[in-house]
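The primary structure of each chain is shown beneath.
There are 2 protein chains.
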Amino acid sequence: MEIERKFLIKELPDLSKYDYVDIEQGYLCTHPVVRIRKKNNKYILTYKGSGLMAREEIEAELTKEAYEHLREKIDGHAITKRRYLIPFEPYTIELDVFEGHKKGLNMAEVEFPSVEEANSFVPPEWFGEDVTNDKNYHNSNMI
Amino acid sequence: MEIERKFLIKELPDLSKYDYVDIEQGYLCTHPVVRIRKKNNKYILTYKGSGLMAREEIEAELTKEAYEHLREKIDGHAITKRRYLIPFEPYTIELDVFEGHKKGLNMAEVEFPSVEEANSFVPPEWFGEDVTNDKNYHNSNMI
Numbered sequence: 001m002e003i004e005r006k007f008l009i010k011e012l013p014d015l016s017k018y019d020y021v022d023i024e025q026g027y028l029c030t031h032p033v034v035r036i037r038k039k040n041n042k043y044i045l046t047y048k049g050s051g052l053m054a055r056e057e058i059e060a061e062l063t064k065e066a067y068e069h070l071r072e073k074i075d076g077h078a079i080t081k082r083r084y085l086i087p088f089e090p091y092t093i094e095l096d097v098f099e100g101h102k103k104g105l106n107m108a109e110v111e112f113p114s115v116e117e118a119n120s121f122v123p124p125e126w127f128g129e130d131v132t133n134d135k136n137y138h139n140s141n142m143i
Numbered sequence: 001m002e003i004e005r006k007f008l009i010k011e012l013p014d015l016s017k018y019d020y021v022d023i024e025q026g027y028l029c030t031h032p033v034v035r036i037r038k039k040n041n042k043y044i045l046t047y048k049g050s051g052l053m054a055r056e057e058i059e060a061e062l063t064k065e066a067y068e069h070l071r072e073k074i075d076g077h078a079i080t081k082r083r084y085l086i087p088f089e090p091y092t093i094e095l096d097v098f099e100g101h102k103k104g105l106n107m108a109e110v111e112f113p114s115v116e117e118a119n120s121f122v123p124p125e126w127f128g129e130d131v132t133n134d135k136n137y138h139n140s141n142m143i
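Chains as they are written, first to last, in the UniProt record's numbering: chain A, 1 to 143; chain C, 1 to 143.
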């Protein structure tokens, strides 16, 4: 079970000092989510059950060839984004800077060990609107 | 981890007294296996890691709509078969009687709690060749 909150970004911080990974992903199905993702040199199949803040999530490894085979079967557009990992003790902010057809969108996710911690989280100044409960900001609705 | 042995069938027993389920399945990918299956009114997504007798297996629930959406994306043919469940103490024989493009093929699988039990299994008289290690009899190679 993954417990997370999502926020739009008011103003990007200086990103030059943070690590990042380049991500490409696509959806074979959106309800429930069956997603393929390329993250650097790793290829992953993900299933996500229903739910917003807390969702069942299963991951399994794919080969590059399997990814490319399934890449031909995705619905709509692939999503490409650069994900920055920003320490924000005791959490890590995952800041997604979108490329491709969603270029201009910036969104942050923070994962929590419990619903209580998620609810009491105080976001940094540069975060904007909380979109945790807005399905439009599910990546699966952005294809 | 699933531990099982597979056999061809020399001669079908009288099947009239056994329970069965009708199965339709297809493959989005075969290496690794990403399979969709309809089993009566249940729709399941399955991932299988590599390996023959023992393979990692992950299952997740699909809706009918998700199944039908993914059904459009399968490789090759869908596989249809009637699966009989035949008690063979302390095991259950799963006997698959294939329909569709594989009509005429009959194959049995038995699942075991350990590799030791799998190796010491004595099959009933009506079983034929042991094809556990023959990849041609993976359903994913029959599409």
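Mixed in with the good hints there might be a few duds.
Claimed, not checked - Covered by chain C, per the in silico footprint, the following chain A stretches (three or more residues, Cβ under 8 angstroms):
hint	region
1	7-18
2	78-86
Said to hold, decoys possible - Heads up, simulated DSSO-like pairs for lysine-lysine below, C-alpha to C-alpha not over 30 angstroms straight-line:
hint	chain 1	residue 1	chain 2	residue 2
3	A	39	C	10
4	A	135	A	73
5	C	102	A	48
6	C	42	C	135
7	C	135	A	135
8	C	42	A	135
9	A	73	C	64
10	A	39	C	103
11	C	73	C	48
12	A	42	C	10
13	C	103	A	102
14	C	42	A	73
15	C	103	A	64
16	A	48	A	102
17	A	73	A	10
18	C	48	A	48
19	A	42	A	17
20	A	64	A	48
21	A	135	C	10
22	A	102	C	73
23	A	10	C	102
24	C	48	A	64
25	C	10	A	48
26	A	103	C	73
27	A	73	C	10
28	A	42	C	103
29	C	102	A	39
30	C	73	A	42
31	A	48	C	39
32	A	73	C	103
33	C	10	C	39
Hint data in this document are derived by calculation from the structure and do not stem from the laboratory. None of the values given here were measured: they were computed from a predicted structure. Note that beta-carbon positions come from the ideal geometry of N, C-alpha and C, so glycine has one too.
A quick look at each hint next to the structure:
no.: 1; hint: 7-18; result: violated (count 0)
no.: 2; hint: 78-86; result: violated (count 0)
no.: 3; hint: A/39 x C/10; result: violated, 49 angstroms
no.: 4; hint: A/135 x A/73; result: holds, 23 angstroms
no.: 5; hint: C/102 x A/48; result: violated, 33 angstroms
no.: 6; hint: C/42 x C/135; result: holds, 27 angstroms
no.: 7; hint: C/135 x A/135; result: violated, 43 angstroms
no.: 8; hint: C/42 x A/135; result: holds, 27 angstroms
no.: 9; hint: A/73 x C/64; result: holds, 19 angstroms
no.: 10; hint: A/39 x C/103; result: violated, 42 angstroms
no.: 11; hint: C/73 x C/48; result: holds, 18 angstroms
no.: 12; hint: A/42 x C/10; result: violated, 45 angstroms
no.: 13; hint: C/103 x A/102; result: violated, 48 angstroms
no.: 14; hint: C/42 x A/73; result: holds, 23 angstroms
no.: 15; hint: C/103 x A/64; result: violated, 34 angstroms
no.: 16; hint: A/48 x A/102; result: holds, 22 angstroms
no.: 17; hint: A/73 x A/10; result: violated, 35 angstroms
no.: 18; hint: C/48 x A/48; result: holds, 17 angstroms
no.: 19; hint: A/42 x A/17; result: holds, 23 angstroms
no.: 20; hint: A/64 x A/48; result: holds, 21 angstroms
no.: 21; hint: A/135 x C/10; result: violated, 55 angstroms
no.: 22; hint: A/102 x C/73; result: holds, 25 angstroms
no.: 23; hint: A/10 x C/102; result: violated, 59 angstroms
no.: 24; hint: C/48 x A/64; result: holds, 16 angstroms
no.: 25; hint: C/10 x A/48; result: violated, 43 angstroms
no.: 26; hint: A/103 x C/73; result: holds, 29 angstroms
no.: 27; hint: A/73 x C/10; result: violated, 40 angstroms
no.: 28; hint: A/42 x C/103; result: violated, 39 angstroms
no.: 29; hint: C/102 x A/39; result: violated, 39 angstroms
no.: 30; hint: C/73 x A/42; result: holds, 23 angstroms
no.: 31; hint: A/48 x C/39; result: holds, 21 angstroms
no.: 32; hint: A/73 x C/103; result: holds, 29 angstroms
no.: 33; hint: C/10 x C/39; result: holds, 26 angstroms
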